[in-house]
Amino acid sequence: MAGNAQHGLEKNAVNIGKSVVIKGELNGSEDLTIEGQVEGKIELRQNVLTIGPNGRIKAQVFAKAVIILGEVVGNVSATEKVDIRDNGSVDGDIASPRVAIAEGAHFRGSIDMQKAGAKTEKSDKGDAKPATPAAAPAGQPAGSPAPANATR
Amino acid sequence: MLSKILNWGSKGPDDPNRPGGDRSSKGNEPAVPSKAFPKFVSALSSQGESATVIDFGPVIGTNVAYFGERLGCKLFIEDLLTELERHRKAGTMADLGSAVESRLRQEEGSVDGVLLWDYFDFLDKASAQRVASHIVKMMKPGGAIMGFFCTSAVEHAPLTKYEIVDDTSLRLRAHPGAGGKKLALHNREIIKMFDPLVVAESFLLKNNSREILLRKR
Numbered sequence: 072m073a074g075n076a077q078h079g080l081e082k083n084a085v086n087i088g089k090s091v092v093i094k095g096e097l098n099g100s101e102d103l104t105i106e107g108q109v110e111g112k113i114e115l116r117q118n119v120l121t122i123g124p125n126g127r128i129k130a131q132v133f134a135k136a137v138i139i140l141g142e143v144v145g146n147v148s149a150t151e152k153v154d155i156r157d158n159g160s161v162d163g164d165i166a167s168p169r170v171a172i173a174e175g176a177h178f179r180g181s182i183d184m185q186k187a188g189a190k191t192e193k194s195d196k197g198d199a200k201p202a203t204p205a206a207a208p209a210g211q212p213a214g215s216p217a218p219a220n221a222t223r
Numbered sequence: 093m094l095s096k097i098l099n100w101g102s103k104g105p106d107d108p109n110r111p112g113g114d115r116s117s118k119g120n121e122p123a124v125p126s127k128a129f130p131k132f133v134s135a136l137s138s139q140g141e142s143a144t145v146i147d148f149g150p151v152i153g154t155n156v157a158y159f160g161e162r163l164g165c166k167l168f169i170e171d172l173l174t175e176l177e178r179h180r181k182a183g184t185m186a187d188l189g190s191a192v193e194s195r196l197r198q199e200e201g202s203v204d205g206v207l208l209w210d211y212f213d214f215l216d217k218a219s220a221q222r223v224a225s226h227i228v229k230m231m232k233p234g235g236a237i238m239g240f241f242c243t244s245a246v247e248h249a250p251l252t253k254y255e256i257v258d259d260t261s262l263r264l265r266a267h268p269g270a271g272g273k274k275l276a277l278h279n280r281e282i283i284k285m286f287d288p289l290v291v292a293e294s295f296l297l298k299n300n301s302r303e304i305l306l307r308k309r
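Keeping their order, the protein sequence lines are chains Z and U.
Going by our numbering, the first sequence opens with residue 72, and the numbers climb by one from there.
Going by our numbering, the second sequence opens with residue 93, and the numbers climb by one from there.
Be careful, since some hints might not be right.
[Stated by the list, open to error] Pairwise CB distance ranges, derived in the manner of DEER restraints:
{"#": "1", "chain 1": "Z", "residue 1": "Ser90", "chain 2": "U", "residue 2": "His278", "range": "31 to 37 Å"}
{"#": "2", "chain 1": "U", "residue 1": "His278", "chain 2": "Z", "residue 2": "Lys129", "range": "45 to 51 Å"}
{"#": "3", "chain 1": "Z", "residue 1": "Gln185", "chain 2": "U", "residue 2": "Pro233", "range": "19 to 25 Å"}
{"#": "4", "chain 1": "Z", "residue 1": "Glu174", "chain 2": "U", "residue 2": "Ala276", "range": "29 to 35 Å"}
[Claimed, not checked] Covered by chain Z, per the in silico footprint, the following chain U stretches (three or more residues, Cβ under 8 Å):
{"#": "5", "stretch": "164 to 172"}
{"#": "6", "stretch": "215 to 226"}
[Unchecked claim] In silico negatives: residues of chain Z with every beta carbon more than 12 Å from chain U:
{"#": "7", "residue": "Val91"}
{"#": "8", "residue": "Gly107"}
{"#": "9", "residue": "Lys112"}
{"#": "10", "residue": "Arg116"}
Worth flagging that the hints you see were computed from the coordinates, not collected in a lab.
Using N, Cα and C, we set each Cβ at its ideal position, and we do this for glycine too.
For reference, chain Z alone in the conformation it holds in the complex:
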């Protein structure tokens, strides 16, 4: 399962449907996709959590990887990666060695890529990976001259 769990859409993934509302603590050892509402705490330390476009989360989230297409209010901690897709929204702090934020996503809060492992290692032995070297910011090489009609 671990190899093809990237999008939380594989056959064995558990799905929480649109009409489901959960208040409390959600723990598990399977990949999970949430399209409904969850309030409280979500822990999937060895697995991928996907918040679908209809998902509304008001919770602290701990997972191996978190993919967000819906709305999250609360802190998100991942040992591998947090991926906020187009129209995804997060209001809270992110701790993860890798964070990807798509154009059109909303985010407000702090991002900490250094302490991510430390925060989740307490109850998660051996799954944290070191931060990968950065992809250089997209764009032109240094020293590109400003055109005469540039805005500055």
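Please build the complex by placing chain U on the supplied structure of chain Z, with the hints as guidance.
Then chain U, alone, in the frame of chain Z:
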């Protein structure tokens, strides 16, 4: 094809200058060099490991990668343009300063860098003073603030997103917000506002705005 060559139809739906048009940027704007930005980055590097940086602008993936992955900073994305738009629509611009102050929740003496971009241009003087005093308190000694300040008032200016292209250049992208009035601050007003910080660098740009780097001693 011909219309493109002759630049006809420049007020099409994708034209950011079209009144009421969609100003959301496609990210095709040219990169422009910045003299203050490399000095801002250098100031962060001299602050030691895991510098804390506040970005007043909206979230941009490449900026997160630059500060988070490449420089190893802890980054706070405040997206204060959203707050600006909210107050503009509600007609409560006079309250913006106190709203921004209460949103910036970092502890005193905990911040190494602040990217103001051109946010202060959109504040009235009382709000600007209030926010500046709050930022000064949050700064660590040696910390740096980078901002753009216009030299003349503009009745209506669009909002801009500042995307980091590399160590020495930025891409100024259109923000979908409506924008608003820009007020010009004199150099002496900026210096007084951020006292006891000092102006470490100041560059006059082609568009007559000033790129300023302030440092806390």
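Comparing the hints with the structure gives:
1. Z:Ser90 x U:His278: 31 to 37 Å: Given range 31 to 37 Å: violated, Cβ gap about 59 Å.
2. U:His278 x Z:Lys129: 45 to 51 Å: Holds, since His278 (chain U) and Lys129 (chain Z) (Cβ atoms, about 46 Å apart) stay within the stated range.
3. Z:Gln185 x U:Pro233: 19 to 25 Å: Holds: the Cβ-Cβ distance is about 22 Å, inside 19 to 25 Å.
4. Z:Glu174 x U:Ala276: 29 to 35 Å: Distance hint for Glu174 (chain Z), Ala276 (chain U) holds at roughly 32 Å.
5. 164 to 172: Since three or more residues must qualify, the claim that chain Z covers the stretch 164 to 172 of chain U holds, with 7 doing so at under 8 Å.
6. 215 to 226: violated (count 0)
7. Val91: Label holds. Min Cβ-Cβ 29 Å, cutoff 12 Å.
8. Gly107: Check passes; 26 Å lies beyond 12 Å.
9. Lys112: Nearest chain U Cβ is 22 Å from Lys112 (chain Z), so the label holds.
10. Arg116: Nearest chain U Cβ is 22 Å from Arg116 (chain Z), so the label holds.
In summary, the numbered hints that this structure violates are 1 and 6.
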